[in-house]
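Listed below are the residues making up each chain.
2 protein chains.
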Amino acid sequence: MNLDRLTELRKKKNWSLQDTADRLGIAKSTYAGYESGYRRPSFEALITLAELFGTSCDDLLGRHFEKDIELTDLKKKELSVDYRKLTETETSGVIAFIRAMREIEEKK
Amino acid sequence: MNLDRLTELRKKKNWSLQDTADRLGIAKSTYAGYESGYRRPSFEALITLAELFGTSCDDLLGRHFEKDIELTDLKKKELSVDYRKLTETETSGVIAFIRAMREIEEKK
DNA sequence: ATGAGTTATTCGCTAATTGCGTACTTAGAC
DNA sequence: GTCTAAGTACGCAATTAGCGAATAACTCAT
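Read top to bottom, the protein sequences are chains A and B.
Residue numbers 1 to 108, in full-length UniProt numbering, belong to the letters of the first sequence in order.
Residue numbers 1 to 108, in full-length UniProt numbering, belong to the letters of the second sequence in order.
Simulated from the structure, these hints should not be mistaken for laboratory data.
Do not rely on the hints blindly, as some may be mistaken.
Which copy? The list can't say, so a pair holds if one copy fits it or any two copies do.
Said to hold, decoys possible - Derived BS3-like pairs: lysine-lysine, alpha-carbon spacing no greater than 30 angstroms straight-line: (1) Lys28 with Lys108; (2) Lys11 with Lys67; (3) Lys85 with Lys67; (4) Lys13 with Lys107; (5) Lys107 with Lys12; (6) Lys107 with Lys28; (7) Lys85 with Lys107.
Build out the structure end to end from the sequences listed, making use of the hints.
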């Protein structure tokens, strides 16, 4: 059970092992151990890594977890189209749109 | 850094410490250590726990991670409205709907 | 090509942590 | 009261993390 994506994510950021270790506040050799699979990060380090690389712990752990997203439960703006976030108005519009579509469909 | 939600999730399932430990294939006292914060699970155990409890590792780790969802990138149906999954047609409809809304908005 | 400087990999050692069994405590059923 | 199951706490053995130092690989300029 290795953290296979670490190297990839780190290189994408153009960071050296030392850079990354510094950001984590650990020794270079320690972080190197994570990438090689020789060592495992503490939970704190894992969480910090996820933050640094802008991803989830599940992702780092190689777990492709996907929760179903219920639009009526969304409190925050999390959806985007063409890489532009939806406003609250747009999100409400989408919900209404879907309900309308379904209503039409049922009457067929 | 404790796994505070474990007890809550276990009780929601009406499992004893022993039940849960059995499912994980570890000793009761070991699992008890996770809940009390005295011990920490291995990554394998963490992942299995997330599976057993139907949640994410991020959730168990107390991390409220939310990725921005780009609708045009969605390969699978992950969205739902009124707890009913959107079909592919509906998802395409939503994207077209948003683009149309924005076009109208820009022309104002 | 040589050498300086940076980056990556490996290793021994120590300190810390895990996982287990066991024992103790509590709670409820009979 | 006694029995069983649940939860808690602890000592011990074994594993593991983290560190620095040593070594190897890579990248430049000269």
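Hints, one by one, checked against the model:
With identical chains, the CA atoms of Lys28 and Lys108 are never at most 30 angstroms apart, being 65 angstroms at best within one copy and 56 angstroms at best between copies. Taking the closest pair of Cα atoms, Lys11 and Lys67 come within 30 angstroms of each other both inside a single copy (28 angstroms) and across two copies (21 angstroms). Both within a single protomer and between protomers do Lys85 and Lys67 lie at most 30 angstroms apart by alpha-carbon distance, with minima of 19 angstroms and 12 angstroms respectively. In this assembly of identical chains, the alpha carbons of Lys13 and Lys107 never lie at most 30 angstroms apart, being 53 angstroms within a copy and 39 angstroms across copies at closest.
For a Cα distance limit of 30 angstroms, the shortest separation of Lys107 from Lys12 qualifies neither inside one copy, at 51 angstroms, nor across copies, at 39 angstroms. Taking identical chains as interchangeable, the C-alpha atoms of Lys107 and Lys28 are never at most 30 angstroms apart, the minima being 65 angstroms within one chain and 55 angstroms between chains. For the homomeric pair Lys85 and Lys107, the shortest alpha-carbon distance between copies (19 angstroms) is at most 30 angstroms, but the shortest distance inside one copy (33 angstroms) is not.
In terms of the numbered hints stated before, the structure departs from hints 1, 4, 5, 6, listed from lowest to highest.
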